[in-house]
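Position chain B against the provided structure of chain A, taking the given hints into account.
So the protein sequences, as listed, match chains A and B. Residue numbers 0 to 365, in numbering that gives the first Met the number 0, belong to the letters of the first sequence in order. Residue numbers 0 to 365, in numbering that gives the first Met the number 0, belong to the letters of the second sequence in order.
Check each hint, because a few of them may be wrong.
[Claimed, not checked] Derived DSBU-like pairs: lysine-lysine, alpha-carbon spacing no greater than 30 Å straight-line:
1. A:Lys237 - B:Lys308
2. B:Lys274 - B:Lys38
3. A:Lys38 - B:Lys38
4. B:Lys237 - A:Lys308
5. B:Lys237 - B:Lys274
6. B:Lys19 - A:Lys237
7. A:Lys315 - B:Lys237
8. B:Lys19 - A:Lys38
9. A:Lys237 - B:Lys315
10. A:Lys315 - A:Lys19
11. A:Lys237 - B:Lys146
12. B:Lys38 - A:Lys19
13. B:Lys167 - B:Lys274
Hints are computed from structural coordinates only; laboratory data are not their basis.
There are 2 protein chains.
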Amino acid sequence: MYERPEIHAMAGYVPGEQPKRNGTVKLNTNENPYRASEKAYDAIREICDSRNNASGLSRYPNPPAQPFREAAAEIYGVEPETVLCGNGSDDILTILTRTFVGSGELIRLPRPSYILYASLAEIQGARYEEILFDENWRLPPAFAEAKDGLKLVFLPNPNSPSGTVLSKGTILEIAERLPCPLIVDEAYADFSEFHCIDLVSQRENIIVTRTLSKAYALAGLRFGYLFAPPNLVEQMLKVKDSYNCDALSIAAATAAICDTEWQQENRRTILATRKRLTEGMRTLGFAVPDSQANFIWCVHPSLKTASHKPIYEYLKQNGYLVRYMNYGVSGDGLRISVGTDEQIDECLALIRQFVSTEISSGTSLT
Amino acid sequence: MYERPEIHAMAGYVPGEQPKRNGTVKLNTNENPYRASEKAYDAIREICDSRNNASGLSRYPNPPAQPFREAAAEIYGVEPETVLCGNGSDDILTILTRTFVGSGELIRLPRPSYILYASLAEIQGARYEEILFDENWRLPPAFAEAKDGLKLVFLPNPNSPSGTVLSKGTILEIAERLPCPLIVDEAYADFSEFHCIDLVSQRENIIVTRTLSKAYALAGLRFGYLFAPPNLVEQMLKVKDSYNCDALSIAAATAAICDTEWQQENRRTILATRKRLTEGMRTLGFAVPDSQANFIWCVHPSLKTASHKPIYEYLKQNGYLVRYMNYGVSGDGLRISVGTDEQIDECLALIRQFVSTEISSGTSLT
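The shape of chain A in the complex, shown without the other chains:
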């Protein structure tokens, strides 16, 4: 056995299911159902069509993805030195873990939440502790307490799978009490009523991470970034691969983030469909927390002791992939991404069908 014992022992993170069947509607990984800004595609085409060797793909890309840093800085009113770019949010989260957490040290995360954080700790040979959300998706004081070896705290806001948020005031309070960086993972913040980027300049230990996978419909491009105090960005630049962002993604991401009109229009559409989906599921008897993300979390109260898995399976048989999550003591449920209105209506019709069948056959779903 050549691999490190920690790697040997771990199961490995399993990314969202990829459909085997063509035509399957993916509502399981919170991708955007619409096509990205054409300006992003045009930026890619321009590189392909350029006959100038220096702007084609023969050359290494700009190491810190400077054009994107400058664009993001202008849009959010910060300095380019506060921006770090990565090969998707995953790369950003990996860089954070490697910069701040040594072997045997401690990472804190809420539960239920994004399950990748635990895998990142395992790969790094670090420990992690999970602090449970209460029934209202709030966190207890323990989440902000100092502790021996605690080096990094992850807080997705909005959270997955719930879509719920903690307020900016609460986040600031948590950061004030913590002895280490607090990572506010804003993968879904473009669908939320607020974001925390302005908190970065207020506290030396708040870092906000972002992705273009969800709100910019560019999951296939792999581009994520973060805002952090410049002295921390400087350290993270040492840890990232020199050329972690490729030339196509730098150009496309820069074009996409500058197309604020596309983003706002897309946001309006997703939020309207989210309302439709939430109301539809509630009508069918599901408990659905108010979501500020592009997905909703659905738990049927009559199923408390049984499983939501049969609904997931029924949908899958009928060409709809949603995410079935089982968090053990915290229970299970379905996380459904906001698709197009048409997709959501069909998905709701299938769930309605399943629920009514279950009722007529006398099972617990009544």
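For chain B alone, coordinates are given in the frame of chain A:
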């Protein structure tokens, strides 16, 4: 200070200089001077033009980059399960380090060689030891010896900056004696007379890494891969980011590697220019080892105690960037990438000019 002490202490890897001036000829980072196969660009255009959402950029890419694995497996006569893909060779080398080397453990590398390996060890909190090449670019028996904590050995073949190779027999002998994986870094092997991919199936501890940056003119795309025994690939899949290769790079890399005609034609051209460059530099009095890569290593014997830096600076002033390397006790020199014939002729003319000026002004370059 929030960062790990190892990160705080390290200087950080400095990638090859990016020219500030437009029109500068880059002969410093071993990029290919030609445009990549048009089939690679067409694969990118196809994704941009597709109106089918499932094949655009809204969706997450294929996690293990399966289309590329299958293409590479067919071309090299191996199984897809032996192929691991990465976001450039850098990502591949990072994955290797994280999979096999724990904090405080040991990495071995030759010197002078690729300086990134030492940075990878530092980021991982690992130790590294450098074994010196002899004057003929051969390695002493110490390079293959077992040692406490030794977990990974890097061997670039062809080596940088020398362009020289160790034979397959020698590599097999080294692997047989080592208690850990031997990474044969074949970033430049497409320009060499042989490669070691077939050794992977002969030994459980030989891993061969590859990149599309050099021989496929796709440095801007970020795509690297490796061949390893399937049980080791399985472990590395746990360590890599789930979606480490983006949809555009998977499509373009697959198209590029399948265009063997483009690659062979490009190889012939580069090798012819390499010969021209080598002979030109030797005529000017430089010692140049026979290179099997797309660059050559040039040391002027009359400069043994002085520096090659003034030549680098003179070239830079005149629009030519080459790589100045200073390895301390191993001496300094210039690494010059093989450009087009025209670029090489101009570069040689500039060096000739510099050398003759130096002679007339009576300095050491006589």
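Consistency of the hints with the structure:
For the given pair, lysine 237 (chain A) sits about 26 Å from lysine 308 (chain B) by alpha-carbon distance, which is consistent with the 30 Å threshold. In summary, the hint linking lysine 274 (chain B) to lysine 38 (chain B) is supported, as the alpha carbons are separated by about 29 Å, within the 30 Å threshold. Distance restraint check for lysine 38 (chain A) and lysine 38 (chain B): the Cα-Cα separation of roughly 23 Å lies within the 30 Å cut-off, and the hinted pair is therefore satisfied. A hinted pair counts as satisfied when its Cα atoms are at most 30 Å apart, and lysine 237 (chain B) with lysine 308 (chain A) qualifies at roughly 26 Å.
Simply put, lysine 237 (chain B) and lysine 274 (chain B) have alpha-carbon atoms about 43 Å apart, too far for the 30 Å limit, and the pair is violated. With a CA separation close to 22 Å, the supplied pair lysine 19 (chain B) and lysine 237 (chain A) stays within the 30 Å bound. This hinted pair checks out: lysine 315 (chain A) and lysine 237 (chain B) have alpha carbons roughly 27 Å apart, not beyond 30 Å. Simply put, lysine 19 (chain B) and lysine 38 (chain A) have alpha-carbon atoms about 27 Å apart, close enough for the 30 Å limit, and the pair holds.
For the hint pairing lysine 237 (chain A) with lysine 315 (chain B), the CA-to-CA distance comes to about 26 Å; that is within 30 Å, so the pair holds. Pair hint lysine 315 (chain A) plus lysine 19 (chain A) holds up; C-alpha atoms about 11 Å apart against a cutoff of 30 Å. For the suggested pair lysine 237 (chain A) and lysine 146 (chain B), the alpha carbons sit about 29 Å apart, so the restraint of at most 30 Å is met. Taken as a hint, the lysine 38 (chain B) and lysine 19 (chain A) pair is honoured in the structure, with Cα atoms around 27 Å apart against an allowance of 30 Å.
Proximity of lysine 167 (chain B) to lysine 274 (chain B) is assessed by CA-CA distance (about 23 Å); at most 30 Å being required, the pair is judged to hold.
Of the numbered hints listed earlier, the single one contradicted by the structure is hint 5.
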